[in-house]
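The hints should help you fit chain B onto chain A, whose structure is shown.
2 protein chains.
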Amino acid sequence: MSLTISIDAMGGDFGPSVTVPAALACLKENSALALILVGDEAVLEPLLVQAFPVYGNRLQIQHASQQVDMDEPPSKALKNKKDSSMRVAINLVHQGRADACVSAGNTGALMATARFVLKMLNGIDRPAIISTLPSVYGHTHMMDLGANVDCTAEHLFQFAVMGNELVKAIDNIDSPRIGLLNIGEEAMKGNEQVKTAAKLLENSSLNYIGYVEGNSINAGNTQVDLIVCDGFVGNVSLKSIEGAAKMIGTTLKQAFSKNWLTKLAAVVAYPVLKSFKQRIDPRLYNGASFLGLRGLVIKSHGGADVLAFKTAIKLAEVEVQHNVIQKITQQVEASLAQRTLL
Amino acid sequence: MSLTISIDAMGGDFGPSVTVPAALACLKENSALALILVGDEAVLEPLLVQAFPVYGNRLQIQHASQQVDMDEPPSKALKNKKDSSMRVAINLVHQGRADACVSAGNTGALMATARFVLKMLNGIDRPAIISTLPSVYGHTHMMDLGANVDCTAEHLFQFAVMGNELVKAIDNIDSPRIGLLNIGEEAMKGNEQVKTAAKLLENSSLNYIGYVEGNSINAGNTQVDLIVCDGFVGNVSLKSIEGAAKMIGTTLKQAFSKNWLTKLAAVVAYPVLKSFKQRIDPRLYNGASFLGLRGLVIKSHGGADVLAFKTAIKLAEVEVQHNVIQKITQQVEASLAQRTLL
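Going down the list, the sequences are from chains A and B. Heads up: the first sequence begins at 1 in this note's numbering, then just goes up one per residue. Heads up: the second sequence begins at 1 in this note's numbering, then just goes up one per residue.
Same shape as in the complex, but just chain A (with noise of 0.2 Å):
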């Protein structure tokens, strides 16, 4: 089974500084990975040039001319930047000659670009980004995290019906918990997308579980797979979580260093801190995928680093080894053709 992954090197806040290491690195831990690097070649060229005869056919440079600027407009992006390494890296996945793309860049132009290049699946109105976070009960999956400001309840319904999907091939779950976010439990809560959603869910094939609230994202008291909610919902309440982690960690780091006597208590402290910090790490829940698209996505963290770049490049391996997209491009199908029926 081909496993091709084209990564646009040029992108993210460190460019191939970051792309290239966990490039490499991903070669090394997986012999039937395949990466085709895409940016500058004067700059690729001299950083890959020990790891060629290592890797031989399996790590390749694509030569792109410009690169897309973090606060680039996606328009002006779409319209300029022909020749950027984003817009190259998804060309391959369109031609067949990559499975998946994965890059650092611009989350509006990549979203833009993958969905004018690859264009979006019969059945649904908008792409939606996907992404996991860290739950005390293990993971729970979120959608859509910011690609839709306004969602109507169908767009809601799409995006469960892609998710699940998802979720069903990398977590092998038979029938992912689907939730949908709300301000309540209760069925007379929330606005009226939502609960129009709620009717959807509930007469559809999916394990629709009712409402959830914010916090069954990371520590609730319902066990959820999938969590559905529009953009702009999904995408404060990542980052809102992302503030809270930053804030109690900052905290967590002053009250060591306060004085000699804290500073010892860390030292005596420091394997069980660092075992606590690995088990939350947002580094290792890097990548987040476009679904609703002819073709795989990732985005990974602008300032992602080595480490995190590395996750978001796995996911991709992940997801094309469950055939992700082959799967959610049936389902999509089925549902519609369903679903006009009646």
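Derived by calculation from the structure, the hints in this document are not laboratory data. Remember, it's a predicted structure, so these values are computed and weren't measured experimentally. Heads up, some of the hints might be wrong.
Same chains, same names: a pair is fine if it fits in one copy or spans any two.
Listed next, the in silico DSBU-like pairs over lysine-lysine satisfying Cα-Cα at most 30 Å (straight line) [unchecked claim]: (1) K82 x K189; (2) K189 x K79; (3) K195 x K76; (4) K76 x K199; (5) K195 x K327; (6) K195 x K79; (7) K168 x K79; (8) K168 x K28; (9) K195 x K258; (10) K277 x K327; (11) K76 x K327; (12) K189 x K76; (13) K195 x K274.
Leaving out everything else, chain B in the frame of chain A:
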């Protein structure tokens, strides 16, 4: 100056076992404070018999024969519970016998009853819920936290006008920095309500600093005093933060209780962990104010313990002492008059 607060003594998950000790502790700490505990006399009297001689007329019971259940629909509570501890406590504010009311009861019923009894301020369409959250810079105020699932730009603007007065008064700052919660800091981002609200705020005399993202609540790069959002987003965000904090706390505890070595480290680190916990203890941030009404109502978390409920009473004391409701009323009337002139 009078400082009399009515307490819904029967409200919350724990009722008088929490509200009574918290009330007595507040009376002990502030000799200017008077409290009226509202609830079943037969239950409250025995609990207060020893305190009456100590606090004299600073401590009173107001009998109420009913209580609102935690999961009772607001409309039912409004119709059938006219002699509930919650309703009578709010009546006392309406009658001018109390300057504020504190309840840990059912949020929906409390809001509906407060709105029915106290009425809205002229110029305000919707009441909103504001609370304080810890941040690396100190703290941030945020509203609406769940009273309104759908908000227009005008509603968001009204929230900002009210919140601004509250923050000025209780934080003693001249010109609070106000941010609109959005999914990016660029002008093009966001939904229509948020974009239009941004224009209203830019054209106002408020110190509007622009869009802020979810991480700005606790630990963003942008320092902000007041974050404005609709109640759906605000509630999800608040609960997401609660969930993240709970997960991190649980993970930290697990890491320290793994084996005898980590338990030994916990003993050494105990004073540090304790001081860390105190700095972000959610009980010290308990209490949300309902703004937009002709009277002050503070909502405590339903699951509040004595320390948390004390915090909510103290918040009421501070807001009464700073004439928050009077200041908001004046400002709303002034802004409204100014705006109709445009």
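Here is what the structure says about each hint:
Taking the closest pair of Cα atoms, K82 and K189 come within 30 Å of each other only across two copies (24 Å); inside a single copy the shortest separation is 46 Å, beyond that limit. Taking CA atoms no more than 30 Å apart as the test, K189 paired with K79 passes between copies only; the shortest distance there is 19 Å, against 43 Å inside one copy. Taking identical chains as interchangeable, the C-alpha atoms of K195 and K76 lie at most 30 Å apart only when they sit on different chains, with a minimum of 21 Å there against 37 Å within one chain. With identical chains, the CA atoms of K76 and K199 are at most 30 Å apart between copies only, with a shortest distance of 25 Å across copies and 40 Å within one.
In this assembly of identical chains, the alpha carbons of K195 and K327 lie at most 30 Å apart only when taken from the same copy (28 Å versus 38 Å across copies). For the identical chains of this complex, K195 and K79 are inter-copy neighbours only, at 25 Å across copies versus 39 Å inside a copy, given an alpha-carbon limit of 30 Å. For the homomeric pair K168 and K79, neither the shortest alpha-carbon distance inside one copy (37 Å) nor that between copies (47 Å) is at most 30 Å. Only within a single protomer do K168 and K28 lie at most 30 Å apart by alpha-carbon distance; the minimum there is 28 Å, versus 58 Å between protomers.
Taking the shortest alpha-carbon separations for K195 and K258, neither the intra-copy value of 50 Å nor the inter-copy value of 43 Å comes in at or below 30 Å. With identical chains, the CA atoms of K277 and K327 are never at most 30 Å apart, being 35 Å at best within one copy and 46 Å at best between copies. For a Cα distance limit of 30 Å, the shortest separation of K76 from K327 qualifies neither inside one copy, at 33 Å, nor across copies, at 47 Å. In the homo-oligomer, the alpha carbons of K189 and K76 lie at most 30 Å apart only across protomers (15 Å), although the nearest pairing inside one protomer, at 41 Å, exceeds that limit.
Taking the closest pair of Cα atoms, K195 and K274 never come within 30 Å of each other, the shortest separation being 43 Å inside a single copy and 43 Å across copies.
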